[in-house]
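Visitor: Given next are the chains, with one letter for each unit.
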Amino acid sequence: MSLVQTDNLCKTYHPETVPVHALRDVSLTIERGEFTSIVGPSGSGKTTLLNMLGGLDLPTSGVVRVDGIDLGGMRDGQRIAFRLRNIGFVFQHFNLIPVFTARENVAFVMLLQNRCKSDMLRRTDALLDAVGLSDRKDARPRELSGGQQQRVAVARALASEPKFILADEPTANLDSESAMNLLDIMERMNRDQQATFVFSTHDPRVIERALRVVTMVDGAVVKDERHGDE
Amino acid sequence: MKALLTIAWRNIGRHPARSGVLLAAIAVGLWAGTVSTGAINALMQQRMTYLIESEIAHVQVHHSHFPQEFRGADGVPEYQAIETWLANDGRVRAFASRAIAEGMLQSPIRVSGANIRGVDPEAERRTTIFHESMTEGEYLDSDVRQAAIVGGPLASDHHIEIGDRIVLTFENASGELTAAAFHVTGFFESASTEYDRRTVFVRAGDLAGLLADQPIRHEIAVLLEDETQAVALAADLNRSFPDTLARTWRELSPELNMLVELGDVMLFIVTLIIMAALAFGILNTMLMALFERMREIGMLMAIGMSRRRVFGMILLESTLLTALGATVGMVLAWGTIRHLGKSGLHLDQFAAGAAHLGWDSTIYPFLTTAEYASILAVVIAITLLASCYPAWKAIRIRPLEAGRDL
Ligand SMILES: Nc1ncnc2c1ncn2[C@@H]1O[C@H](COP(=O)(O)OP(=O)(O)OP(=O)(O)O)[C@@H](O)[C@H]1O
Ligand SMILES: [Mg+2]
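The listed protein sequences derive, respectively, from chains A and B.
According to my numbering, the first sequence is numbered sequentially starting from 1.
According to my numbering, the second sequence is numbered sequentially starting from 1.
Mixed in with the good hints, there may be bad ones.
Stated by the list, open to error - With a cut-off of at most 27 Å between alpha-carbon atoms, the simulated BS3-like pairs for lysine-lysine come out as follows:
no., chain 1, residue 1, chain 2, residue 2
1, A, K117, A, K137
2, A, K137, A, K163
3, B, K2, A, K117
4, B, K2, A, K137
5, A, K163, A, K117
6, A, K223, A, K163
By construction, these hints were calculated from the structure, which means they are not laboratory data.
Model, not experiment: these values are computed from the prediction.
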């Protein structure tokens, strides 16, 4: 069974007034351990697709299954709990709780999972070390650079040991060095920990490094290529 | 959950000025409300104590017709037997029997209505503190025959001086008009100018002698060792002497009852104001905070924070903020009331008017533990209620807010 599978996913905004077909019949599968980027021009439906995959929004028609479980068949509260256990998120902005330090931000999601404390502390430290923030663990988000903030977000997304991580333009606000650095970290996590990543991007240098590139135009998948080291 | 408390606490610190203003508003509002409740209490208590101590005492016995219509003939039946009964009851500290007549006071220059009260000076001294109201001259226990004391304002209306003769006219027990001359030996000033303008005190024996052939008393005022026994004692008296009517001070003085009720109404209004201000402050601040943190809360729900926890987080934040303000306000109020309770609050600027209505110009604010508790309970209840709305708003934020571009 595929990790994530969508069948004829459609999303139409404002169906009554001026319908915007953000997704048209998207059927896609994501396998464990993949490192997939979703690319396409602005307005092509990348964010919309990621929102559907993460259960942040529901499709107008079609189904999203994660490990065979239909996200649309859950109540809102169940979907929140499902996200907590199964999906990691990295957003473009507003990833972190501003009043928490890097360490607290990473630990918080595990706290929500009611993990045991020692496990939590160990994992938080290991993850922050892994994203290269050993010396910034007690800094608050506003004391960190944009790249550093995104690295905390990646650490936070991994902390909950999700089945896969969704990242919507994680590098869009970063200078190219920070962007490459973030990508290095994501790649390493993918390679060493078999973490599954699905991320959207505009950036050609980022696209270059993806193992699988799904291209969207006008809400439809027009190309799905795998390359590189498989 | 400790982490929620940490978030809530740090979020309060995020806008020190805004949180500070709400905190100060809660503290000041609660302080003012609580202290004024204490002051209202003191005014009520002072008035009550004064009326009880100066005239009403705890229980009074009258003829059973007395409440409907006062007639000179309606003395307390078997009043001497009642006096003996009272003298033998351990709950009674003292009692004083009074003869009463409604009539007129005539001086060389004018005539005015007068409430004539015949008292036994010795018994009255033991039962009430009225003798302390003397401003000039001597109380009725002088050896002047047919002595009378009149209220200061009444005396000045009539240009009466000590040693002057006045004529009191009233109906006797058989319905005939009787007039008698009395010698003014002193002036008094009670807390009520109204009362002083129409009251004349004479000795009970003198008045009773003019009223009827037999000894007659219209009223017996009873002072108890313990006020709380008033109801029981009145009931016992009514059982033992069916032709008479014994009533407690609460029943006797509609003014006092009204006062007690007024006090409750004032407390209610003060509480209402505190409540409204509190609710408004919390709603305003929390909704503002919420509006700023839409994306943050959306992000928290996106990564899997349950609605219950988001709700709790917001509730905790406003509760914490209010608890801080309320603690400061209550401690300040407690300190203020304790201080004023000892040193007294001087109402000198209002005293001219206050004295007219029977108030002293210094009051000693106090608050019972129950009143402190009920104010606190209201604050807690309102805080929780007012916080529920922002918290409910918070859980309706969609996780999508987090992903949306700037
Ligand atoms: N909440 C919404 N209401 C209405 N229309 C929306 C909403 N969100 C997205 N759309 C529309 O759906 C289409 C797809 O939007 P989406 O945000 O998924 O594109 P995108 O590929 O992520 O674009 P970008 O690269 O600019 O982020 C666009 O036409 C957009 O205007
Ligand atoms: Mg987008």
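Visitor: Regarding the pair K137(A) and K163(A), is the alpha-carbon distance no greater than 27 Å?
Guide: holds (25 Å)
Visitor: Tell me if the straight-line CA distance from K223(A) to K163(A) falls inside 27 Å.
Guide: With Cα atoms ~25 Å apart, K223(A) and K163(A) stay inside 27 Å; holds.
Visitor: Verify the proposed pairing of K2(B) with K137(A), using a straight-line Cα cut of 27 Å.
Guide: holds (20 Å)
Visitor: Do the alpha carbons of K2(B) and K117(A) lie within 27 Å of each other, as the hint requires?
Guide: holds (12 Å)
Visitor: CA of K163(A) to CA of K117(A), is that 27 Å or under?
Guide: holds (22 Å)
Visitor: K117(A) and K137(A): Cα distance at most 27 Å?
Guide: Given pair K117(A), K137(A) holds - Cα atoms ~17 Å apart, limit 27 Å.
When each numbered hint is compared with the structure, no violation occurs for any of them.
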